[in-house]
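Peer 1: If you're matching them up, the sequences are chains A and B in order.
To convert, note that position 29 of the first sequence is 29 in the working numbering; the numbers rise steadily by one, no gaps.
To convert, note that position 19 of the second sequence is 19 in the working numbering; the numbers rise steadily by one, no gaps.
Just so you know, the hints here were simulated from the structure itself, not pulled from any lab data.
On a predicted model such as this, the values are computed, not experimentally measured, just so you know.
No incorrect hints appear here.
In silico EDC-like pairs for lysine to aspartate or glutamate, Cα to Cα no more than 16 Å straight-line:
| hint | chain 1 | residue 1 | chain 2 | residue 2 |
| --- | --- | --- | --- | --- |
| 1 | B | 49 | B | 64 |
| 2 | B | 49 | A | 98 |
| 3 | B | 99 | A | 102 |
| 4 | A | 70 | A | 53 |
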Amino acid sequence: DAGITQSPRYKITETGRQVTLMCHQTWSHSYMFWYRQDLGHGLRLIYYSAAADITDKGEVPDGYVVSRSKTENFPLTLESATRSQTSVYFCASTPTWDTGTDTQYFGPGTRLTVL
Amino acid sequence: AQSVTQLGSHVSVSEGALVLLRCNYSSSVPPYLFWYVQYPNQGLQLLLKYTSAATLVKGINGFEAEFKKSETSFHLTKPSAHMSDAAEYFCAVGTGFQKLVFGTGTRLLVSP
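Could you put the whole structure together from the sequences, leaning on the hints where they help?
Peer 2: Shown next as structure tokens:
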């Protein structure tokens, strides 16, 4: 399918377990992003990547790990899930960093519940 | 530091009525401003953006927003609400996607 996809769409896990959320885009966009969405906070950036093998922290990176071995994939791993990581996670991509000329495209989201 | 404030977590309108969603920003540099819409169980979709070319910005689905520097505002309007406009709307500010700051969102409810 063309576009940006996330899997799984829903995930329930337990405290302390490792969880990986997948993100895949078909446009060969250079930039990819992971956000979390919580009530009362809007979207907050967790990590972003400017290209394969280049990643950087966002506003709320603690407890998360990312990798980007291929341009089209940007997985997000919670190494030891905590209840505070219960959230909706969105992946996004864009050709460049320039908000003036480009548009950011969002995936449908993954709803993660940590018990 | 840049920030946005969306006034009103919920706004209710009747079908056919004016839609007004408020956004005020804080920025030390000329900002790029955005409005996104999120339909249930979907990701965010860009409605419109201000990049200093024109203060009145027209977007998709009949929405528009006016940049007012003196009021540090970028309110979103639509003359006549449709049932299909019911969604959550986010204002954002940033001069780079890695620095984009989102507001807390306003849920628009449209009644028949």
